[in-house]
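Trainee: These are the residues of each chain, in order.
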Amino acid sequence: MRCKGSYAARIPLLSRGGESRGVASAGVELVKQKQFLNQHDDGVTRHPSAAEERSLAFSSGNRLLLFILLFLSFPYTASPQTRESSSVVAAIDELNRGNIFEAIHKLKLTLQQNAAPQAYLYLSGIYTRMGRYDTAYRYLSTAMDDNPVQAAHYEQLGLIRRYEGCRVEAMAAFRQALSLATNREEATLWRHIGEVHVDLLEWDKAIDAFRNTLRLRPNDAMARLALGRIYVDRNDPQTALNELRAALEISPAVAGLHAVLGRAYRAAGNSEAAIDILTKGIEKDSSDQESRYLLGQTLLAAGSTREGRQILRDYQQMQERIEQTNTLFEAAVERARAGDLAEAEKALREALGHAPRYAPALQILGTVLLNRGNVQQAVETFRQSLAVNPLNSETYLNMGAAYLRLGNLNAGFEMTEKALVIEDQDARHYAQLGDIYSRVGRPDQSRAALEKAASLKSAPAYRPPDPYGSEGRRRDNAATVREICGGPPSP
Amino acid sequence: MRRVVHGLGFTLIVFLLWKQGSVGAETGFSTFHDIARDIGITVMNIHGGADKDYIIEANGNGAAFFDYNNDGNLDVLIVNGSTLDRYKDGGDPLVALYRSDGEQFTDVTANAGLRTKGWGMGVCVADYDNDGNPDFYITAFGRDALFHNNGAGTFTDVTATARVSDTRWSTGCAFGDYDRDGDVDLYVANYLAFSENTIRPRGRNNLCRYMGADVFCGPIGLTGEPDILYRNNGNGTFTDVTSAAGIRDPNYYGFGVLFNDFDNDGWPDIYVANDSQPNLLFQNKRNGTFEEVGLLSGSALSESGRAQSGMGVTAGDYDGNGYLDIFVTNFAGDTNTLYRNVGNMLFVDSTVAAGLGEIALPHLGWGTSLSDLNNDGWLDLFVANGHVYPQVEGLNIGQRYLQRKELYRNLGNGKFLEIARDVFPDLLGAKGARGSAVGDFDNDGDLDILAVNINDRPSLYRNEGGNRNHWISFRLEGTRSNRSAIGARVEIEAGGRKQISEVRSGGNYISHDDMRIHFGLGETARVDRVRVRWPNGSTEELSGFDADRFIVVREKGK
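Chains as they are written, first to last, in my numbering: chain A, 1 to 491; chain B, 1 to 558.
Treat the hints as calculated values from the structure; they're not laboratory data. There's no promise every hint is true.
Said to hold, decoys possible - Only part of the chain B face toward chain A is listed, based on derived beta-carbon distances under 8 Å:
1) 211
2) 346
3) 397
Said to hold, decoys possible - Covered stretches of chain B (in silico footprint by chain A; criterion: 3 or more residues with CB under 8 Å from a CB of chain A, positions within the stretch not fixed):
4) 296–303
5) 358–365
Don't be surprised by glycine CBs; every beta carbon is placed ideally from N, CA and C.
Only chain A is shown next, with the shape it has when bound in the complex (with noise of 0.2 Å):
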C-alpha cells in the first residue's frame, strides 16, 4: 500500500532536518549566480495566500496571467507568524513572473543561510506541481518541523496526497487544515474538500463544500466550475448553467470551463448557445480537445453534417499526432534502453516532426546523441529541451556531461549546479560535480561532493539510476496535446 498517513504525528518521523533541508550540506554549496542573487525586495505586495493558489501557477495555460489573476483575487495579508523574509519574497516575485527554475534557485539559497518555513513550504507546493511529491513531501515534513499547526502545512500535505491518489488521506489533511484555518483559507480549503468528495463519488457532500466556498467567497471561478459539472452530470442543466455563467464571468480563463458549459447547454436543448460556447472554447485554447469533440458532436447532432464532420476530422487528426507522438516516444525510449541508440534517434526525431516541442523527446534525443559521440547536436538539443521546460534535472546533468566532453568546464559546471538546483537528492549530480572539482584542481571541494554522492548511492533505496527513464512515464494526452499545439508544457 502507498498511501501514507495524513497526521501530523507521523510527518516528524519521515524527515527531520539534516541533509533534507538543502543542498548545502555535506560541504557542497551552489554556486550564487548573479542572476540569482538579483533580488527584488520592492516589488511584491500581494502574495498567494494557500498552497494550491502557488501549486496552480504554473500548471495551467499561462502561468503569468494565472499568478497575477489568483493574486488580485486573494490578496495575502500575512499574519507576522507567516510573513516571509526578503529572499522568500523575492523567490515568489520569480514565481510571480513565471521563473520557476530561478524561484527555486532563490528558495533554497534562502535556505542556506537561514530556516526559513515559509520557503520549505513553497518549496513543496513547486514539487507538488512538478509531479515530484516525495520531494515535496520532504520539504513540507521539514516545514511542519519548525511550525506543526499551519492550516497551509495541511492543505499542502492534502495536495500532495490527492495527487498521489490517496484521496482519503487527503480528506484528512484537508479536514485537519479546515480546522486551523482563518475564514479566508477557509473557502479554498472546502473547495478542496469538494474536489476530494467528487474524486470518493459523494456528490452530495461534494456540493455542500463547494457551497461553502462560495458562501466564503462567492466569487470562487472552480467552484462555480465544479458545482456547474456535477449538475451537468446530475442531469439539470438549468442550475448547471446559472453556476457556469457565473463561473464564466468571473475567470474566462479557466481550463475545462467552456466544454462543460456547451455539455450544459446541450442538455438544456440550447445547440445555438452550445456551438458558440464551444467554438469559443477552441479559439481560447487550440489544444481544448474536449470542446472540439463536443463542437462537432453537437453540429452533427444540429444537421451540420459537413462543419460537424470537418471539426471531428481535426480533432481525430490531433488525436492521431497524439497517440502516434506517444507511440514513437515509447518505443524510441524502448529502443534505446536495449542499446539500439540508431533507432532510437530515428524514432525521436519521427516524433518531434509532429510535436516540435515535445521536451521529454527533446530530453532523450539529447541523450540518445550524446551518448552516440554527437556532442555539439546533444548540446543544441537540450538547449532546445531546456527552452521548453527548464525544471528538468536530467537535462542539466547530461547538457553538462555534454559540455565536459567538448572540454568547456564553465558551462560543464553551471548546468551541474543547475541539476542540483532541481534535484538535490541525486547521487549522479554530485559525482559529475566532483569530476568537475577534480578536473580544476579543487581537491577537497572534489572529495566533499564525491562523498556525498557515495552516502546517496549507499542509501537503502538507492537505485541505479536509468539513463532513459526519467521520462519513461506514459504522459498524458493533455500534456502531449499542448505540447503539439504550442501551448505551455507540462512541467
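Chain A is fixed; fit chain B onto it per the hints.
Mentor: For chain B alone, kept in the frame of chain A given last:
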C-alpha cells in the same frame, strides 16, 4: 402442445402455448432468485490468484445460453480460465457444459468430448457449417478453439482444420454474416500482448497504482493486439480477411463485440468495446468491406470526447425509435455509456439524460443486456459488476472488490430507474461478476440471467414473475440465409407499438445470449403483425399471433 401452421410461403411452427397467471403489477417485476446451485450449475471458476498480480488474472470469463442438442431447452456453457502456474502445465479445462432437461442441469463436459485445456476467456455460438447443430468458438489466452457440434451430443475441436487458431490473447467474439453469402463469419477481439517475463507483477512497478494502492500493471502502457475478422469459406474453413475487409484496429485493447445493423440498411455492422481506448464502429459498406466510423458517429467516446474502459456491450432499441442503441459497460468511477441511435449513423451519449450516470459510478461493469425483463414492451437494462483490483478493499473510496448487480427498469420515456436495490435481494449479493448471458432457460416466458463470477461459482438468476405480462418469442431458422439466422431482424406491431430486435451471436461481456428473439407485450394479448428481414435481405410478413408463445419461423425454403 405442438401445432404446425402454414402461412404465406413460409413454414410456421407454433409448438408451445403458454400463459401463466394474469398480467402483473404495475412494474411487471417480481423478483430474481439465484438458483444455480439448486439446479446443478456449480462449476468453480478458475481465473488467476486472489491478489491479481497480473492483468491476465483479472478479466474473468464469459458464458453462453444455447440449445446444443436441439431439445428445446437452453443448455449452459461456462468458460474457464486458469492460473499462471497451471497454465505452464497446459492450463485448465476451457469449458464446462451443462445439459438442461427442463428442470435440472447435468455436467456433460466430458461426455461431450470437451477436454481441451488452456486459459479460456469468452464464447460465441453459431451453426457455422449450417448443419443444424450449433457450434461454438472459445477465445483464449493462447490458442482459441472452435468446437464443431457433431449432432449426437458431442463436439470436435476443429480449430486447426478451420484455420481459426489465433494464439494471441483473445477476449470477445461474435459470428455474423457480413457478406450475406449464407454462412456466418467470425470477428475476434484481441486484447494485449501478455508475458509474465516482460510485465512486472503488482508492487514491482511504481507506475502501477490505483488510488494509492499497488495494483497489477495495464492495460495502459502495454502493447495492444489487433482484432481479426475471418470470412467463412463455406467448406468448414475460414480465411483471415481483416485487412482486405478494411478492419483497421490500431491495436486497441478489445473486449465486447457485436454484429448488428445500426444504420438499418440490412447489412450487419460491427461494434467493438475497447478497454481504455476509443470503441470502434465498423460500418458495412455492402461490398465486403467496412469503414470505421466510431468517432464520426459519436459512439467511440464519452460525451466529453474521452476514451472510456469499454468492457461489455449490448444493443437494443430502448427508446422505440426503430434504431438499435448501444450500451457499453465501463470502469469504476466512470459511468457506463448509453449511445442513443438517432439515425444516419449518429449516436448521442444519453447516459445522464437516461438516468444511468451517477448511480453506476461505484461499480465496474462487465456483462450487460438490454432485455425486456418485465415484459412491458420496453427494454430494461442489466449490468453485472465486480472490481478488478482486490486492493480497493479497505481504501474507503466508495468502491468494493465484490459488487452488486444493477437492474434498471425502462420507464418508456427515455429514462431508466434502478430497482435492484428495492426488490431483488439476490442481485444485491456482492460478487465478482464478469460475463453474463440472458435467456429464458425455463421456457416460462420471461428472461433469466446467468452470470460468471470470477474465482467463484456461477449465478443463475431465475426471473420470478416477469411472465405476468404478455410476451412472444421467435426462433428463426435460415434456409437460404445462415442456418442460425444470425443478423435476421424481427419487427412486430402490437398494441399500437412497433418493436425491433435482431438475432445475435456473442456480445454482452465475452458471452452469448439466447438467440431466440423475445418481446414483452405488456397487457397486449395479440401481435398484429410480424415482419422478418432475413440475413440475406429478403423479407417476409407474418400476420396475427396470440401472445405468450414460442414460435419457430423457418425462412422460405430454397
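Trainee: So, for every hint listed, does it hold in this structure?
Mentor: Tested hints:
1. 211: holds, 5 Å
2. 346: holds, 6 Å
3. 397: holds, 6 Å
4. 296–303: Contact hint for the region 296–303 of chain B vs chain A: holds, 4 residues under 8 Å.
5. 358–365: holds (count 3)
The structure is consistent with each of the numbered hints, conforming to all of them.
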